[in-house]
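There are 2 protein chains.
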Amino acid sequence: MAQQGILIVISGPSGTGKGTICRELLRSNPRLKYSISATTRKPRTGEVDGVNYIFVARDQFQAMIHNNELLEWAEVYGNYYGTPRQYVLEQLQNGYDVVLEIDTQGAMKVKETFPEGVFIYIIPPSLDELADRIYKRGTDSLESIKTRLNCASVELAQAQNYHYVVVNDQVAAAVQKVEIIITAEKFRAERNTDLIQNLYRTRCS
Amino acid sequence: MAQQGILIVISGPSGTGKGTICRELLRSNPRLKYSISATTRKPRTGEVDGVNYIFVARDQFQAMIHNNELLEWAEVYGNYYGTPRQYVLEQLQNGYDVVLEIDTQGAMKVKETFPEGVFIYIIPPSLDELADRIYKRGTDSLESIKTRLNCASVELAQAQNYHYVVVNDQVAAAVQKVEIIITAEKFRAERNTDLIQNLYRTRCS
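These protein sequence lines map, in sequence, to chains A and B. So for the first sequence, the numbering used here puts the first residue at 1; every next one is plus one. So for the second sequence, the numbering used here puts the first residue at 1; every next one is plus one.
Heads up, some of the hints might be wrong.
Repeated chains share a single entry, so a pair holds when one copy, or any two copies, can fit it.
[To be verified] Here are the simulated DSBU-like pairs of lysine-lysine, each with C-alpha atoms no more than 30 Å apart in a straight line: (1) Lys42 with Lys186; (2) Lys136 with Lys111; (3) Lys109 with Lys186; (4) Lys146 with Lys186; (5) Lys146 with Lys109; (6) Lys186 with Lys111; (7) Lys146 with Lys111.
Simulated from the structure, these hints should not be mistaken for lab results.
Next up, chain A with everything else stripped away, as it sits in the complex (with noise of 0.2 Å):
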């Protein structure tokens, strides 16, 4: 029987690369399955529908909350974002692997439901750091930087409800280190039950 898979919960203050970090995780492990988060809010230059997330109207994202078809959501900054539940279950009975990028506030919702699931706080080096790459991001306003770095700091808070945290310096090393997490936890013990009764099965036959 497979071992079931990990749902792996990366978050991190905005600006603070843990979207560069999935990707690359994702590029060098086919075989994790990432969860596309469904968002009302308008695509960023370059951004794929169904591929970075799916987009969706007010109107239906209001109809997937009332049919809970949602793992979580959550409205930041005056838009929705949300966890389509049903693709992430079966993935992981199918002992898939399943990384989910959200927020801390999503995150929390997510460890009620799943407390057996990974969670990664990423962290930048400084604070200054993370200021001078929302700024080379060129996506925000100054008045949004702000807001994000504010933001940041309250978000710094939740990084001790969170499993491990990873410090993006280099982004290289902080893939490595969620890699190193991960196979980590495919030896820890509850999740490994089936392999010590088997153990015991093996001496009563």
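Starting from the known structure of chain A, fit chain B onto it as the hints suggest.
Below, chain B alone, put in the same frame as chain A:
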């Protein structure tokens, strides 16, 4: 400030190869420190005092118990085994990881004092394999092998009290798994509270 070292506790049924794994682990990771147990049992062929064990007389051991110099101790098959406390504490404070190879009884006592330790349980691929290994080691009588196998069945129930379970099918692979677990544990949120607090400070200063 250096991160406090991690106490790594390794257990497993007798004959499961945990000794070999610890030896290989220490050989390839010179920064790891090995906590040498004190015991009243007689040295096996090739075992060196102060290297494999600290071999002491029964009255010496009882004095160590009386003076609270042991992190844990137990009487197994009529012999005392125990872990000298001071060495472990010093190494951890100096930022070194310490490997402790002890039986489940001792491990669970250590877990009461050090819940933040990493508890790894090594299991054989099967119990038949385990019987074979003990037999080939040639240090145990048939009666002793039977006792050890019965104890192994009881011990396996303890696996659920450990954080990780590693199957020792190939020594090199098992060692690598333990290394991955130790590396991943360095990223645990509860071991990195300083890191997060320092990030706050850069924002407020």
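Tested hints:
no.: 1; hint: Lys42 with Lys186; verdict: neither (37 Å within a copy, 39 Å between copies)
no.: 2; hint: Lys136 with Lys111; verdict: neither (33 Å within a copy, 48 Å between copies)
no.: 3; hint: Lys109 with Lys186; verdict: both (23 Å within a copy, 26 Å between copies)
no.: 4; hint: Lys146 with Lys186; verdict: neither (40 Å within a copy, 32 Å between copies)
no.: 5; hint: Lys146 with Lys109; verdict: within (26 Å within a copy, 50 Å between copies)
no.: 6; hint: Lys186 with Lys111; verdict: both (18 Å within a copy, 22 Å between copies)
no.: 7; hint: Lys146 with Lys111; verdict: within (29 Å within a copy, 45 Å between copies)
When held up to the earlier numbered hints, the structure conflicts with 1, 2, 4 and fits the remainder.
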